[in-house]
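Listed here are the chains, written in short residue letters.
Number of protein chains: 2
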Amino acid sequence: MPELRRDPIIDRWVIITTERGKIHADFEKMPENSQENNEACPFCMGNESKTPPEIISFREAGTAKNKSGWWVRVVPNKFPVLRVEGNLNKRGEGMFDFMDGIGAHEVVIESPIHNASFADMENKQVEEILWAFHGRIADLKKDSRFEYILAFKNHGAAAGASLIHPHSQIIAIPTIPVRVKQELEGSRSYYDYKERCVFCDIIREETEANVRIVSENENFICIVPFASRFPFETWILPKVHSSFFEDLQKTEITSLAMILKDINGRMIRTLENPPYNFIIHNSPCKSGNLPYYHWHIEIMPRLIKTAGFEWGTGFYINPTPPEEAAKFLREC
Amino acid sequence: MPELRRDPIIDRWVIITTERGKIHADFEKMPENSQENNEACPFCMGNESKTPPEIISFREAGTAKNKSGWWVRVVPNKFPVLRVEGNLNKRGEGMFDFMDGIGAHEVVIESPIHNASFADMENKQVEEILWAFHGRIADLKKDSRFEYILAFKNHGAAAGASLIHPHSQIIAIPTIPVRVKQELEGSRSYYDYKERCVFCDIIREETEANVRIVSENENFICIVPFASRFPFETWILPKVHSSFFEDLQKTEITSLAMILKDINGRMIRTLENPPYNFIIHNSPCKSGNLPYYHWHIEIMPRLIKTAGFEWGTGFYINPTPPEEAAKFLREC
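Taken in sequence, the protein lines are chains A and B.
At position 312 of the first sequence (counting the first as 1) the number is 312 in the numbering used here, and the numbers step up by one without a gap.
At position 191 of the second sequence (counting the first as 1) the number is 191 in the numbering used here, and the numbers step up by one without a gap.
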């Protein structure tokens, strides 16, 4: 059973998991399968038996579960960092706090095509991926043990992906993560002072300045944030205030798929298929609608390494001015 | 002039610096000089003219500044992330806050030997490196513009080092970093509740449990922390409470050099010269002695990559139980 341990000084939890089986050296050599569709890839069509049984799939009528014929598949992670069975069993040992590593860890297989990207998928396919996120988040929220559900994507080895085949992950956790708390506190304190949502203000301000916008459509805007941590970092925000990703309506999903495809294409053209992390920043499961928190997506190309300075300060060094990054992405 | 920008939502500053000259692609290809001592290495003996003029050096009597004959040299970083001249010029632009990137960015060249490590240096040499930190921190603290001084080391490309030649960095910054604030707040809240320093309690608890200790001597203890973020992460703590690294006395410097050499040797033997970050966690310049904060060193081997989960939550996934890591390091 994995263990969640709390740092005794700051509000930081660590999942200690031996099930991934790395006690000794050889950490770097994660199995990266080849660029080619191949028999070894557990996410390719025809290899459904290489994953745990699917949780949901979108597939052709008449095809059987865990067989070919799907276009999006959600399966439990074969090497979960948290386990879904059991209770938290919160406890202490001397001054140290820990609990059992309870949670859910799922994989969204985004396409049957081994090296597809959002940019070259049909819009419909990206919509279906978003519907899979939508359905899984709504379902996991029903489990009262979970406080937060994180949906994210690691693309490329430098961004932590161990498989090329396009996929994202959904992790449900039994506590509100410190990073999320900080964002909630920051946006609440802005709201208390101004009586406005800080994200709504950012959208207004960026629209007026018009130097960090990459693209927009009816429902979404994509910007390079003012204080970007990483070169070519982008955020996608819904134009109308909303706390929950899973409150998206059908037309908004279509719109979000369009802007995702667009920004992914711009990243690929400007940066030659960079490694990146994609994270949905959402409200906690049980928070209710929050006037001060605005869900959004953050996309971080991983072109530079974080090192001692970032670890020691929590600050970042970004060698690319956001205004120039936005110009490159806009004009590419 | 580099710019310090504040994220409008959370207390996170980013240094935007174009002086490092990376606007476009090709971020990954940092110039890594070869394993061999060579003419191109700006830190090798005889190449003193390839660095900005030295700030201090420890060198043979009778040798001239910026010439051969030194054993430790401190120079300004040739590509500083912050500039030492000028004032902060704090200002806003609409809702966004920024200031000029004022600070100091120095490099401690730890040895004339191109690929030396703490483990194979004489104890005296490691002491001299610590005296260089000591002197530079004490000197930079006199500049009232600076709120925090960070001393750290990136070793190996995966830990963000761009040169092999052993060196550390010292950065003085005009604001207390968020990471430091969190540690101060966490340890103060523990102190308010218990009237004891959390780090002193950790030392007591670890000494009693005796399962996460790697080594110790008269003045220092080295442990694998209970909630280690990274496999084989270690912390070195002074056994007697102290808020400031720069309060170290001569015998303590000798002792710290010994334990640093020891843990570095254990890491090299167990993990085959891993990339790592080494960070001195110190009190802010102007805080005075703090009963609740205990300076210490954190060493983080970079064997695994941080990815979407860590960025989205601020949590970590560690596949190596701290107790097993300590056993490996202890018995190697």
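I should point out that these hints are in silico values taken from the structure, not numbers from a laboratory.
Where hints are given, some of them may not hold.
All copies of an identical chain are treated as equivalent in the list; a pair is satisfied when it fits inside any one copy or across any two copies.
[Said to hold, decoys possible] The list that follows gives simulated cross-link-like pairs (lysine-lysine, DSS-like), each with its CA atoms no further than 30 angstroms apart:
#1 Lys90 with Lys305
#2 Lys65 with Lys90
#3 Lys141 with Lys305
#4 Lys67 with Lys286
#5 Lys327 with Lys90
#6 Lys305 with Lys194
#7 Lys286 with Lys78
#8 Lys194 with Lys90
#9 Lys305 with Lys50
#10 Lys194 with Lys78
#11 Lys194 with Lys181
#12 Lys327 with Lys78
#13 Lys261 with Lys194
#14 Lys124 with Lys90
#15 Lys141 with Lys327
#16 Lys141 with Lys286
Here is what the structure says about each hint:
In this homomeric assembly, Lys90 and Lys305 come within 30 angstroms of each other (Cα to Cα) only across copies, at 28 angstroms, whereas the closest approach inside a single copy is 36 angstroms. Taking the shortest alpha-carbon separations for Lys65 and Lys90, neither the intra-copy value of 37 angstroms nor the inter-copy value of 60 angstroms comes in at or below 30 angstroms. With identical chains, the CA atoms of Lys141 and Lys305 are at most 30 angstroms apart between copies only, with a shortest distance of 29 angstroms across copies and 34 angstroms within one. Proximity of Lys67 and Lys286 under a CA criterion of 30 angstroms is satisfied in neither setting, with 36 angstroms inside one chain copy and 65 angstroms between copies.
With identical chains, the CA atoms of Lys327 and Lys90 are at most 30 angstroms apart between copies only, with a shortest distance of 26 angstroms across copies and 50 angstroms within one. Taking identical chains as interchangeable, the C-alpha atoms of Lys305 and Lys194 are never at most 30 angstroms apart, the minima being 36 angstroms within one chain and 39 angstroms between chains. In the homo-oligomer, the alpha carbons of Lys286 and Lys78 lie at most 30 angstroms apart inside one protomer (28 angstroms), although the nearest pairing across protomers, at 50 angstroms, exceeds that limit. Taking identical chains as interchangeable, the C-alpha atoms of Lys194 and Lys90 lie at most 30 angstroms apart only when they sit on different chains, with a minimum of 21 angstroms there against 39 angstroms within one chain.
Taking identical chains as interchangeable, the C-alpha atoms of Lys305 and Lys50 lie at most 30 angstroms apart only when they sit on different chains, with a minimum of 25 angstroms there against 33 angstroms within one chain. Within a single copy, Lys194 and Lys78 get their C-alpha atoms no closer than 46 angstroms, and across copies no closer than 43 angstroms, so neither meets the 30 angstroms cut-off. Taking the shortest Cα distances, Lys194 and Lys181 sit within 30 angstroms of each other both inside one copy (20 angstroms) and across copies (25 angstroms). In the homo-oligomer, the alpha carbons of Lys327 and Lys78 lie at most 30 angstroms apart only across protomers (29 angstroms), although the nearest pairing inside one protomer, at 41 angstroms, exceeds that limit.
Taking the closest pair of Cα atoms, Lys261 and Lys194 never come within 30 angstroms of each other, the shortest separation being 35 angstroms inside a single copy and 53 angstroms across copies. In this assembly of identical chains, the alpha carbons of Lys124 and Lys90 never lie at most 30 angstroms apart, being 44 angstroms within a copy and 48 angstroms across copies at closest. Taking identical chains as interchangeable, the C-alpha atoms of Lys141 and Lys327 are never at most 30 angstroms apart, the minima being 39 angstroms within one chain and 40 angstroms between chains. For the identical chains of this complex, Lys141 and Lys286 are intra-copy neighbours only, at 8 angstroms inside a copy versus 46 angstroms across copies, given an alpha-carbon limit of 30 angstroms.
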